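A.B. asks: One-letter residues, chain by chain:
There are 4 protein chains.
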Amino acid sequence: MDFSLSPELTDLQARVRAFIADEIVPLERDPRCTPHGPNEALRAELIAKGRKAGLLSSHVSPEFGGLGLNHVAKAILFEEAGYSPLGPVALNIAAPDEGNMHLLEAIATPQQKERWLRPLAAGAIRSCFCMTEPPPGAGADPAMLQTIAMQDGDEYVIDGSKWFITGAEGAAVAIIMAKFADGPATMFLADMSSPGIVIERAMDSLDTCFPGGHGVVRFEGLRVPQENVLGEPGEGFRYAQVRLSPARLTHCMRWLGAARRAHDVATAHARRRHAFGKALGEHEGVGFMLADNEMDLHVTRLAIWHCAWVLDQGVLGKHESSIAKVVSSEALWRVVDRSVQVLGGQGVTHETVVARIFADMRAFRIYDGPSEVHRWSIARRILRGPKPRAESA
Amino acid sequence: MDFSLSPELTDLQARVRAFIADEIVPLERDPRCTPHGPNEALRAELIAKGRKAGLLSSHVSPEFGGLGLNHVAKAILFEEAGYSPLGPVALNIAAPDEGNMHLLEAIATPQQKERWLRPLAAGAIRSCFCMTEPPPGAGADPAMLQTIAMQDGDEYVIDGSKWFITGAEGAAVAIIMAKFADGPATMFLADMSSPGIVIERAMDSLDTCFPGGHGVVRFEGLRVPQENVLGEPGEGFRYAQVRLSPARLTHCMRWLGAARRAHDVATAHARRRHAFGKALGEHEGVGFMLADNEMDLHVTRLAIWHCAWVLDQGVLGKHESSIAKVVSSEALWRVVDRSVQVLGGQGVTHETVVARIFADMRAFRIYDGPSEVHRWSIARRILRGPKPRAESA
Amino acid sequence: MDFSLSPELTDLQARVRAFIADEIVPLERDPRCTPHGPNEALRAELIAKGRKAGLLSSHVSPEFGGLGLNHVAKAILFEEAGYSPLGPVALNIAAPDEGNMHLLEAIATPQQKERWLRPLAAGAIRSCFCMTEPPPGAGADPAMLQTIAMQDGDEYVIDGSKWFITGAEGAAVAIIMAKFADGPATMFLADMSSPGIVIERAMDSLDTCFPGGHGVVRFEGLRVPQENVLGEPGEGFRYAQVRLSPARLTHCMRWLGAARRAHDVATAHARRRHAFGKALGEHEGVGFMLADNEMDLHVTRLAIWHCAWVLDQGVLGKHESSIAKVVSSEALWRVVDRSVQVLGGQGVTHETVVARIFADMRAFRIYDGPSEVHRWSIARRILRGPKPRAESA
Amino acid sequence: MDFSLSPELTDLQARVRAFIADEIVPLERDPRCTPHGPNEALRAELIAKGRKAGLLSSHVSPEFGGLGLNHVAKAILFEEAGYSPLGPVALNIAAPDEGNMHLLEAIATPQQKERWLRPLAAGAIRSCFCMTEPPPGAGADPAMLQTIAMQDGDEYVIDGSKWFITGAEGAAVAIIMAKFADGPATMFLADMSSPGIVIERAMDSLDTCFPGGHGVVRFEGLRVPQENVLGEPGEGFRYAQVRLSPARLTHCMRWLGAARRAHDVATAHARRRHAFGKALGEHEGVGFMLADNEMDLHVTRLAIWHCAWVLDQGVLGKHESSIAKVVSSEALWRVVDRSVQVLGGQGVTHETVVARIFADMRAFRIYDGPSEVHRWSIARRILRGPKPRAESA
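Protein chains in written order, with the UniProt record's numbering: chain A, 1 to 393; chain B, 1 to 393; chain C, 1 to 393; chain D, 1 to 393.
Next comes chain A alone, as it looks inside the complex (with noise of 0.2 Å):
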């Protein structure tokens, strides 16, 4: 057993930090912010400085122009990205296009790596992943998936809606999760501006973080090439863990970071504003907090980790990883929410990035699978025996 960084992952740690404290957080009131997220011009420049600093795309191979980190080395970095709620994006390593990239690389033939892959991991263009269904398609449970694909020739016709699309305006490419009649599910890629594609509006949400927003799109016989499947016909529940167990676990890094920051700027005001004769961290009652809020990172950063060193190990890791979403999601929303009571009036005002952190976090308890579906599904697991707890690793 060693808690120790190597002297690479050290230094790596100490670049990103520095990245992110000088090149990003002063661009975090930039007006190109928008409430659907960074736009184009500001995400191209966040790109070129994360370029510049030869730390884009961290996760992906260094074929495709990545650091090729393994789960472990992407903890350390993507908790120092999300210390800037526009670190990640800097970083190129920003949901949906990480995950989206990990899968590619995972199961995408080689013509489509460098058809997309390669443009995805250079930071030039964006990536959607079409899964998440209005009622009464997939939400939180994917069986319920109603968008059909339906052969015609050597073409397949998908028809269907989703929601919940996260950066879909603005994206050059879509991973569609559809399924044939009847049939088990399938992922095909399509470029965003093929015929029927529609983006039918934004959706207005309490996160501002991720690049376009959040869209409704809908399928109206949009026609894909045999070759645009991806991965194996009838695999695409199956390929959704794969690209969802390490996914999961990107959220609790990039958000690690985010509460850490929540956290430094709640103890930063409790040092230097007083109230009844002393400063506020002196009175217990806000102390407290503190004392809670590094507890709770502490005890993130290793469920973090040890899922992240257990995926390395070559294994799935489904019960770590939704252990790891549960605790992160949970204690992380913690953090913040007592931040925010630390700073007392500026914490639900912009004065500070408190706020922007808080309500982009509220949704990490909802996504990639609620609370409650991990808890069952770890329940499952208990019940279901023999222990599935890692003892000894």
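Accuracy of the hints is not assured; some may be wrong.
For chains that are exact copies, the list does not tell them apart, and a pair is met inside one copy or across any two.
What the hints assert, rightly or not - Below, computed lysine-lysine pairings styled on DSS-like, alpha-carbon distance capped at 30 Å:
1) K179 with K278
2) K318 with K49
3) K318 with K278
No wet-lab data here; the hints were simulated from the structure.
Remember, it's a predicted structure, so these values are computed and weren't measured experimentally.
Using the hints provided, position chains B, C and D relative to the given structure of chain A.
C.D. replies: Below, chains B, C and D without anything else, positioned relative to chain A:
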């Protein structure tokens, strides 16, 4: 002991409920709802509706155009008004005007009442309450007041900075808390058009329900005549309690309605949306959240009713209103947070009104005394003994 | 709406409070308090005190020697009784006798009342309620009832196993829930001395407040005459509700008193004991616990009073009593747990009465329906709609 | 970073697990388990088993008969030992002996080690640690120490009162914290048979796992020779930290095992017991409790492992051990409380071992620094900055 409502109150409750449902809810998506609250045109339209329904300024005495409700009656009516974010504006019982009218009616001179209370009660003008200051001034600790008033002949000259001044933009009149050099706090009235009042900027905040938003205000040599002193010089902090104890409670009442709305929206969703083979609400994980909402709403309502009844006995009820404030602001927050969770993705978007209630309500645990300050006050009373608890009341 | 108590009730409250303080608290360290509850000698002494004070069996009608209190009056008196672990025994209002008397008065025949209710109300005998069964029988789910009654001429023959039978050891009479083969549940009365009733063993439990402890009981060919059917055959589950809805609430009342006691002991300690330069209670970390106790006690009391008032309106109040049960059992547990924490080392020893209250109260979240079953019932009512909530009551 | 265990450690873990299951669990209902802990006969039998298994005093160096485990190895082994309330006694790693041996090995003279450490490590004798005092002495605040040592020739004369002295009854040796008049604290060693040591009484407590229970001890003119000073005079508080930082952590390790046991018992019950048409665990309300247990156990284990690793780096780790203590004592308490709830009625009786673990564990949030004191220490370090958090470790 009797928990029943009089027939008159039951009838009033039904009228307000229908008014909100029929007249106000349909306006919730009106584009005149801005990030800094409903604009003046929308406010005027809402007030006109409230006036037509005969429900305007119900807490003000009939002499000034209100219904003269006691605290218990307000508990019933304000909950109904709070069911829509626009309801309190429509009934002219939104903060800070509601508390300001209460204070003016309690301590203003006849001339002051004619000049400001009457048009306020008619919804013709708005007001603001200028107490909170940026560091190192008065925040949670009012004793840190920095705004200075100096007598100059038969005028006072006021200098200082205020922020989080709700409704400052567009207000016609301000109640200003200031102190004489080393002396006690005093309240002053001033027309917002007076030379020497500068609204420096609007503060961007999570909430969007208060007309005029929240402003940063500077007093630069503001001159107010002696007759604009509100009440007695030196009694500012005492009057703040006269205003705050009931104002704290009316916040609880309105937010109770808002949380009930969130719960109703979540319940409807849990009945209708299916996942994993049954309605969401049939899953215990979701059903338990609805049950917890029900219990939190119930005990909050009881704590509010009890405190309102105590205030109706003619006492200040500082202990009871502190308890009601902490219980309400924390329990109702849990209700709204759970409602977001039940709604899943829709909960964090503006597909329903719940995300708006969520963003509006976070500040409730902070203003009018953060939970930490109230807990400390409650603790001091317990330690001082004899028991503060109203065991027989 | 009125939260005041009548002068009669205020007087009764004061009398019981003084009685408990003067007569009962001094007996708390009596060695006749055994791990299985106060023994019969101590119980007889306590009952004698209660009788002398004219406070015995206050929930029973005067016809049978009680005071005929309504539910609201019981809420006041039972809270005072619960202030000592021995108080409910002294006033003959402890579970299960209290609920059994209530049930007998509601549905027993005149002959049954004379035979069993009269001596029960006089404290001359004790009773038990035989419903819960070991697996695979009836636990939280009463429908799993396994105890069988078969008609044999003008007698019934009962066979089955029960456990967690509070007060079985030393009880004179049992109310037995059994069912006909595939038929509905029926209640029977039987003298505990009847052949065919075997008390297999006492169960060692955390609590030590119930006379007779908790027993495992077996019925082996127990023969009861037809006149011992309690109420109508086949109505057993309905009667269980008749018993449980108020019995659940009287538990809440008594434990409210116990939790108030724990809070008072903790408060006295927090005033007296010093650490780090000031009284414990002056530390916010401790003061906040006391404030949270105060709030939990307050809302619990309101929820109990409300439910009592609802029952006094003549309705069964299943929804309200479920809510009161969950709110009380969870809030009061928090109070007692915090009181232990405030007391530090003394909290986990029998230096004060708090450790005993702690051990006694843990079962409260489990018996008469665990929190989980009540949450589920509450959820079902919410989902079924129209709203179950007593908004105007 | 590496979460794997060495083959040696995995093997040791398996051996201890089997030993506890086969040799110790069967003794849990032995009547020699008294309210004041396992009696001396049972302790001797348990120690004999531990010795035979070659697992005795594993934290002590081989020189004195132990296995010389580092902190990480202890984390693995002590968790397994804690799986039974009797396990730590059998392996001679129970508090307070375990911490006392650690302290003696760290700072005692060779003569002191031969005289007391050697027989302690062999399980031949027991020891106690006399620090905590009744009011107005040292409780959570060690600076309030009242026990006085006065030099008299080449002896010290000690007078004072101590309580909560775990294991005092039956101990052969005491470590005594006392101070010179107005001077710093010093540690002394004394045979418990010395004239001048009076065990006034045993304290009845909720827990029953510590041999000898908890005693009230008085020193009346106790004379100890100079060679019985432990370490340097005036360094008592520093040595207390040397003892406490790891002793705190070994508590966490043992209780982790205990909580895992409770969870396992609850899980088995949830698999087997049915209600409302399916296994208890199939109800989300129960399954979620098991999932929360799993997560609490997981993050607790990680926090313990991390802190153990930090201590193995040779630092005192006060911050990390404070965090591990608060996280563990609160998370493991939740686990045990939920396990009781899952078990229903059986949870509050001694039908299973869970009620015993529940009663044993409540004190864990209090001793070795209550949560409130640790939160305050953590807060002070955060406020002092630079960040105390081990982000790269």
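A.B. asks: Taking the hints in turn, state whether each one holds.
C.D. replies: Going down the list of hints, with the structure as the test:
no.	hint	verdict
1	K179 with K278	between (63 Å within a copy, 22 Å between copies)
2	K318 with K49	neither (35 Å within a copy, 40 Å between copies)
3	K318 with K278	between (48 Å within a copy, 25 Å between copies)
Violation of the numbered hints given earlier is confined to hint 2; every other hint is satisfied by the structure.
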